[in-house]
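Given the sequences, and given the hints that come with them, work out the whole structure.
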Amino acid sequence: MSDNELDELLSQLKDTCKKNRHHSSNETNLNNILKKIDVFINRRQMKLLNHHKRFDDLQRDLLLSECESSRNRAALEKKDFEVNQLHMMLNKAEQTTQNIMTKYDNEVQKLTEQLSNVQQEYERLKIMHKTNQDNRTMNEVLTEIVRLQELNKMLEIDNQRLYNENDHLKQTNYQTHNHEEIILREKNAQLEKLINSLQRSNQQPLCNQGIDSTIFESKIKTLENDIDFYKRHSDQQVKTKTMIILIFLLINE
5 MSDNELDELL SQLKDTCKKN RHHSSNETNL NNILKKIDVF INRRQMKLLN HHKRFDDLQR
65 DLLLSECESS RNRAALEKKD FEVNQLHMML NKAEQTTQNI MTKYDNEVQK LTEQLSNVQQ
125 EYERLKIMHK TNQDNRTMNE VLTEIVRLQE LNKMLEIDNQ RLYNENDHLK QTNYQTHNHE
185 EIILREKNAQ LEKLINSLQR SNQQPLCNQG IDSTIFESKI KTLENDIDFY KRHSDQQVKT
245 KTMIILIFLL INE
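Numbering (the working numbering), first residue to last: 5 to 257.
Fair warning: there could be bad hints in the mix.
Stated by the list, open to error - Simulated restraints on C-beta separations:
id: 1; residue 1: His172; residue 2: Asp138; range: 46 to 52 Å
id: 2; residue 1: Glu160; residue 2: Leu129; range: 41 to 47 Å
id: 3; residue 1: Phe59; residue 2: Asn35; range: 57 to 63 Å
id: 4; residue 1: Gln89; residue 2: Ser69; range: 25 to 31 Å
id: 5; residue 1: Arg165; residue 2: Glu127; range: 53 to 59 Å
id: 6; residue 1: Gln124; residue 2: His91; range: 24 to 30 Å
id: 7; residue 1: Ser74; residue 2: Leu53; range: 27 to 33 Å
id: 8; residue 1: Thr135; residue 2: Thr106; range: 29 to 35 Å
id: 9; residue 1: Thr141; residue 2: Met105; range: 48 to 54 Å
id: 10; residue 1: Met93; residue 2: Lys134; range: 54 to 60 Å
id: 11; residue 1: Thr141; residue 2: Thr116; range: 32 to 38 Å
id: 12; residue 1: Glu86; residue 2: Ile45; range: 57 to 63 Å
id: 13; residue 1: Met105; residue 2: Arg64; range: 27 to 33 Å
id: 14; residue 1: Leu119; residue 2: Lys82; range: 51 to 57 Å
Just so you know, these hints were derived from the structure itself, not from any lab. Idealized CB from N, CA, C, for every residue including glycine.
Printed below as a string of C-alpha coordinates:
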(Lines of atoms letter the chains of each structure in order from A; the text may use other names.)
(Lines give C-alpha, C1' and ligand atoms only; values in the text may rest on other atoms or scores of the structure.)
Protein backbone atom coordinates (compact mmCIF):
# COMPACT_ATOMS: atom_id res chain seq x y z
CA MET A 5 0.00 0.00 0.00
CA SER A 6 1.32 3.34 -1.04
CA ASP A 7 1.05 6.79 0.47
CA ASN A 8 -1.73 7.69 -1.96
CA GLU A 9 -3.82 4.82 -0.68
CA LEU A 10 -3.24 6.01 2.87
CA ASP A 11 -4.33 9.50 1.95
CA GLU A 12 -7.41 8.07 0.27
CA LEU A 13 -8.29 6.02 3.40
CA LEU A 14 -7.87 9.06 5.60
CA SER A 15 -10.09 11.05 3.29
CA GLN A 16 -12.78 8.32 3.42
CA LEU A 17 -12.47 8.26 7.19
CA LYS A 18 -13.09 11.97 7.40
CA ASP A 19 -16.07 11.74 5.11
CA THR A 20 -17.55 8.92 7.11
CA CYS A 21 -17.10 10.80 10.34
CA LYS A 22 -18.83 13.88 8.94
CA LYS A 23 -21.81 11.84 7.98
CA ASN A 24 -24.11 10.31 10.47
CA ARG A 25 -21.94 8.90 13.18
CA HIS A 26 -24.61 6.59 14.54
CA HIS A 27 -25.53 5.03 11.25
CA SER A 28 -24.63 1.32 11.14
CA SER A 29 -23.41 1.26 7.55
CA ASN A 30 -21.09 4.10 8.23
CA GLU A 31 -19.82 2.32 11.27
CA THR A 32 -19.10 -0.70 9.16
CA ASN A 33 -17.32 1.42 6.61
CA LEU A 34 -15.48 3.10 9.39
CA ASN A 35 -14.34 -0.23 10.81
CA ASN A 36 -13.27 -1.37 7.38
CA ILE A 37 -11.32 1.82 6.88
CA LEU A 38 -9.73 1.48 10.31
CA LYS A 39 -8.82 -2.13 9.59
CA LYS A 40 -7.31 -1.06 6.33
CA ILE A 41 -5.46 1.68 8.15
CA ASP A 42 -4.26 -0.83 10.74
CA VAL A 43 -3.16 -3.15 7.97
CA PHE A 44 -1.45 -0.27 6.28
CA ILE A 45 0.23 0.74 9.54
CA ASN A 46 1.29 -2.85 10.21
CA ARG A 47 2.64 -3.12 6.74
CA ARG A 48 4.39 0.17 7.18
CA GLN A 49 5.79 -0.99 10.50
CA MET A 50 6.92 -4.25 8.98
CA LYS A 51 8.34 -2.40 6.08
CA LEU A 52 9.98 0.05 8.45
CA LEU A 53 11.34 -2.80 10.51
CA ASN A 54 12.63 -4.39 7.36
CA HIS A 55 14.13 -1.08 6.38
CA HIS A 56 15.72 -0.73 9.82
CA LYS A 57 16.99 -4.25 9.61
CA ARG A 58 18.23 -3.64 6.14
CA PHE A 59 19.69 -0.37 7.31
CA ASP A 60 21.39 -2.13 10.19
CA ASP A 61 22.64 -4.75 7.78
CA LEU A 62 23.81 -2.07 5.43
CA GLN A 63 25.37 -0.17 8.31
CA ARG A 64 27.06 -3.35 9.49
CA ASP A 65 28.16 -4.08 5.94
CA LEU A 66 29.32 -0.51 5.69
CA LEU A 67 31.27 -0.86 8.91
CA LEU A 68 32.71 -4.11 7.66
CA SER A 69 33.43 -2.47 4.34
CA GLU A 70 35.01 0.45 6.14
CA CYS A 71 37.09 -1.94 8.25
CA GLU A 72 38.00 -3.88 5.16
CA SER A 73 38.65 -0.63 3.39
CA SER A 74 40.79 0.52 6.31
CA ARG A 75 42.67 -2.74 6.23
CA ASN A 76 42.97 -2.50 2.48
CA ARG A 77 44.00 1.14 2.81
CA ALA A 78 46.61 0.17 5.40
CA ALA A 79 47.77 -2.70 3.22
CA LEU A 80 47.75 -0.39 0.24
CA GLU A 81 49.70 2.22 2.16
CA LYS A 82 52.09 -0.52 3.25
CA LYS A 83 52.37 -1.76 -0.32
CA ASP A 84 52.76 1.82 -1.50
CA PHE A 85 55.50 2.32 1.10
CA GLU A 86 57.13 -0.92 0.02
CA VAL A 87 56.79 0.11 -3.61
CA ASN A 88 58.34 3.48 -2.78
CA GLN A 89 61.11 1.70 -0.91
CA LEU A 90 61.58 -0.64 -3.87
CA HIS A 91 61.61 2.35 -6.22
CA MET A 92 64.20 4.02 -4.03
CA MET A 93 66.23 0.81 -3.91
CA LEU A 94 65.81 0.40 -7.66
CA ASN A 95 66.87 3.98 -8.28
CA LYS A 96 69.79 3.50 -5.93
CA ALA A 97 70.68 0.20 -7.62
CA GLU A 98 70.36 1.82 -11.04
CA GLN A 99 72.53 4.70 -9.88
CA THR A 100 75.03 2.26 -8.39
CA THR A 101 74.92 0.17 -11.55
CA GLN A 102 75.37 3.29 -13.64
CA ASN A 103 78.30 4.34 -11.47
CA ILE A 104 79.77 0.84 -11.73
CA MET A 105 79.26 0.81 -15.50
CA THR A 106 80.82 4.27 -15.79
CA LYS A 107 83.73 3.19 -13.62
CA TYR A 108 84.02 -0.06 -15.60
CA ASP A 109 83.97 1.85 -18.89
CA ASN A 110 86.64 4.20 -17.56
CA GLU A 111 88.74 1.25 -16.39
CA VAL A 112 88.27 -0.50 -19.74
CA GLN A 113 89.24 2.68 -21.57
CA LYS A 114 92.26 3.09 -19.32
CA LEU A 115 93.29 -0.55 -19.77
CA THR A 116 92.76 -0.25 -23.52
CA GLU A 117 95.03 2.78 -23.63
CA GLN A 118 97.61 0.98 -21.48
CA LEU A 119 97.38 -2.08 -23.73
CA SER A 120 97.83 0.12 -26.79
CA ASN A 121 100.85 1.78 -25.17
CA VAL A 122 102.30 -1.60 -24.22
CA GLN A 123 101.78 -2.90 -27.77
CA GLN A 124 103.42 0.21 -29.21
CA GLU A 125 106.31 -0.14 -26.75
CA TYR A 126 106.58 -3.83 -27.61
CA GLU A 127 106.70 -3.07 -31.33
CA ARG A 128 109.28 -0.35 -30.70
CA LEU A 129 111.42 -2.67 -28.57
CA LYS A 130 110.97 -5.44 -31.14
CA ILE A 131 112.19 -3.14 -33.92
CA MET A 132 115.02 -1.91 -31.70
CA HIS A 133 115.97 -5.48 -30.78
CA LYS A 134 115.89 -6.50 -34.43
CA THR A 135 117.98 -3.46 -35.36
CA ASN A 136 120.47 -4.19 -32.57
CA GLN A 137 120.54 -7.85 -33.55
CA ASP A 138 121.08 -6.93 -37.19
CA ASN A 139 123.80 -4.49 -36.19
CA ARG A 140 125.37 -7.06 -33.89
CA THR A 141 125.16 -9.69 -36.62
CA MET A 142 126.62 -7.24 -39.13
CA ASN A 143 129.40 -6.34 -36.70
CA GLU A 144 130.10 -10.02 -36.09
CA VAL A 145 130.14 -10.63 -39.83
CA LEU A 146 132.44 -7.66 -40.41
CA THR A 147 134.69 -8.81 -37.56
CA GLU A 148 134.76 -12.32 -39.00
CA ILE A 149 135.50 -10.91 -42.46
CA VAL A 150 138.37 -8.83 -41.06
CA ARG A 151 139.67 -11.84 -39.16
CA LEU A 152 139.46 -14.02 -42.25
CA GLN A 153 141.14 -11.32 -44.31
CA GLU A 154 143.97 -11.12 -41.80
CA LEU A 155 144.16 -14.90 -41.69
CA ASN A 156 144.17 -14.96 -45.49
CA LYS A 157 146.98 -12.43 -45.53
CA MET A 158 148.92 -14.50 -43.02
CA LEU A 159 148.29 -17.63 -45.08
CA GLU A 160 149.35 -15.81 -48.23
CA ILE A 161 152.52 -14.69 -46.46
CA ASP A 162 153.14 -18.22 -45.17
CA ASN A 163 152.33 -19.62 -48.59
CA GLN A 164 154.73 -17.20 -50.25
CA ARG A 165 157.35 -17.98 -47.64
CA LEU A 166 156.90 -21.71 -48.21
CA TYR A 167 157.05 -21.20 -51.95
CA ASN A 168 160.23 -19.21 -51.51
CA GLU A 169 161.65 -21.84 -49.19
CA ASN A 170 160.60 -24.52 -51.65
CA ASP A 171 162.28 -22.68 -54.49
CA HIS A 172 165.32 -22.13 -52.33
CA LEU A 173 165.38 -25.81 -51.35
CA LYS A 174 164.91 -26.82 -54.95
CA GLN A 175 167.73 -24.53 -55.99
CA THR A 176 169.91 -25.73 -53.13
CA ASN A 177 169.10 -29.36 -53.84
CA TYR A 178 169.78 -28.80 -57.50
CA GLN A 179 173.13 -27.24 -56.72
CA THR A 180 173.92 -29.91 -54.14
CA HIS A 181 172.88 -32.61 -56.55
CA ASN A 182 175.07 -31.16 -59.26
CA HIS A 183 177.92 -30.83 -56.81
CA GLU A 184 177.43 -34.41 -55.64
CA GLU A 185 177.26 -35.63 -59.23
CA ILE A 186 180.55 -33.89 -59.91
CA ILE A 187 182.06 -35.47 -56.79
CA LEU A 188 180.58 -38.82 -57.76
CA ARG A 189 182.04 -38.58 -61.24
CA GLU A 190 185.36 -37.67 -59.69
CA LYS A 191 185.13 -40.62 -57.30
CA ASN A 192 184.10 -42.88 -60.16
CA ALA A 193 187.07 -41.64 -62.13
CA GLN A 194 189.29 -42.28 -59.12
CA LEU A 195 187.70 -45.70 -58.72
CA GLU A 196 188.28 -46.48 -62.38
CA LYS A 197 191.87 -45.35 -61.98
CA LEU A 198 192.20 -47.53 -58.90
CA ILE A 199 190.71 -50.51 -60.74
CA ASN A 200 193.05 -49.91 -63.64
CA SER A 201 195.92 -49.64 -61.20
CA LEU A 202 194.87 -52.90 -59.57
CA GLN A 203 194.65 -54.54 -62.93
CA ARG A 204 198.10 -53.26 -63.83
CA SER A 205 199.43 -54.32 -60.44
CA ASN A 206 198.22 -57.82 -61.05
CA GLN A 207 200.36 -57.86 -64.14
CA GLN A 208 203.52 -56.56 -62.27
CA PRO A 209 206.02 -58.67 -60.26
CA LEU A 210 205.15 -59.67 -56.70
CA CYS A 211 207.97 -57.63 -55.18
CA ASN A 212 206.27 -54.41 -56.14
CA GLN A 213 202.86 -55.56 -54.94
CA GLY A 214 203.77 -55.22 -51.25
CA ILE A 215 204.46 -51.50 -51.61
CA ASP A 216 201.51 -50.75 -53.88
CA SER A 217 198.94 -52.76 -51.86
CA THR A 218 199.25 -50.38 -48.93
CA ILE A 219 198.62 -47.43 -51.20
CA PHE A 220 195.72 -49.20 -52.86
CA GLU A 221 194.14 -50.16 -49.54
CA SER A 222 194.37 -46.55 -48.40
CA LYS A 223 192.71 -45.30 -51.57
CA ILE A 224 190.03 -47.97 -51.36
CA LYS A 225 189.29 -47.00 -47.76
CA THR A 226 189.02 -43.37 -48.77
CA LEU A 227 186.66 -44.24 -51.62
CA GLU A 228 184.49 -46.38 -49.33
CA ASN A 229 184.21 -43.51 -46.86
CA ASP A 230 183.28 -41.14 -49.66
CA ILE A 231 180.65 -43.57 -50.96
CA ASP A 232 179.09 -43.96 -47.46
CA PHE A 233 178.98 -40.18 -47.03
CA TYR A 234 177.32 -39.79 -50.41
CA LYS A 235 174.70 -42.44 -49.52
CA ARG A 236 173.89 -40.80 -46.19
CA HIS A 237 173.67 -37.41 -47.84
CA SER A 238 171.44 -38.82 -50.59
CA ASP A 239 169.03 -40.35 -48.00
CA GLN A 240 168.77 -37.01 -46.18
CA GLN A 241 168.12 -35.25 -49.47
CA VAL A 242 165.28 -37.70 -50.29
CA LYS A 243 163.69 -37.09 -46.87
CA THR A 244 163.92 -33.32 -47.35
CA LYS A 245 162.31 -33.53 -50.77
CA THR A 246 159.50 -35.68 -49.34
CA MET A 247 158.80 -33.12 -46.59
CA ILE A 248 158.74 -30.28 -49.11
CA ILE A 249 156.24 -32.16 -51.29
CA LEU A 250 153.96 -32.83 -48.27
CA ILE A 251 154.04 -29.18 -47.18
CA PHE A 252 153.24 -28.06 -50.70
CA LEU A 253 150.28 -30.45 -50.89
CA LEU A 254 148.93 -29.21 -47.54
CA ILE A 255 149.18 -25.60 -48.68
CA ASN A 256 147.33 -26.30 -51.90
CA GLU A 257 144.53 -28.05 -49.98
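Each hint tested on the structure:
no.	hint	in the structure
1	His172 - Asp138: 46 to 52 Å	49 Å, holds
2	Glu160 - Leu129: 41 to 47 Å	45 Å, holds
3	Phe59 - Asn35: 57 to 63 Å	34 Å, violated
4	Gln89 - Ser69: 25 to 31 Å	29 Å, holds
5	Arg165 - Glu127: 53 to 59 Å	56 Å, holds
6	Gln124 - His91: 24 to 30 Å	48 Å, violated
7	Ser74 - Leu53: 27 to 33 Å	30 Å, holds
8	Thr135 - Thr106: 29 to 35 Å	43 Å, violated
9	Thr141 - Met105: 48 to 54 Å	52 Å, holds
10	Met93 - Lys134: 54 to 60 Å	59 Å, holds
11	Thr141 - Thr116: 32 to 38 Å	36 Å, holds
12	Glu86 - Ile45: 57 to 63 Å	58 Å, holds
13	Met105 - Arg64: 27 to 33 Å	58 Å, violated
14	Leu119 - Lys82: 51 to 57 Å	53 Å, holds
Hints 3, 6, 8 and 13 from the earlier list are contradicted by this structure; the remaining hints agree with it.
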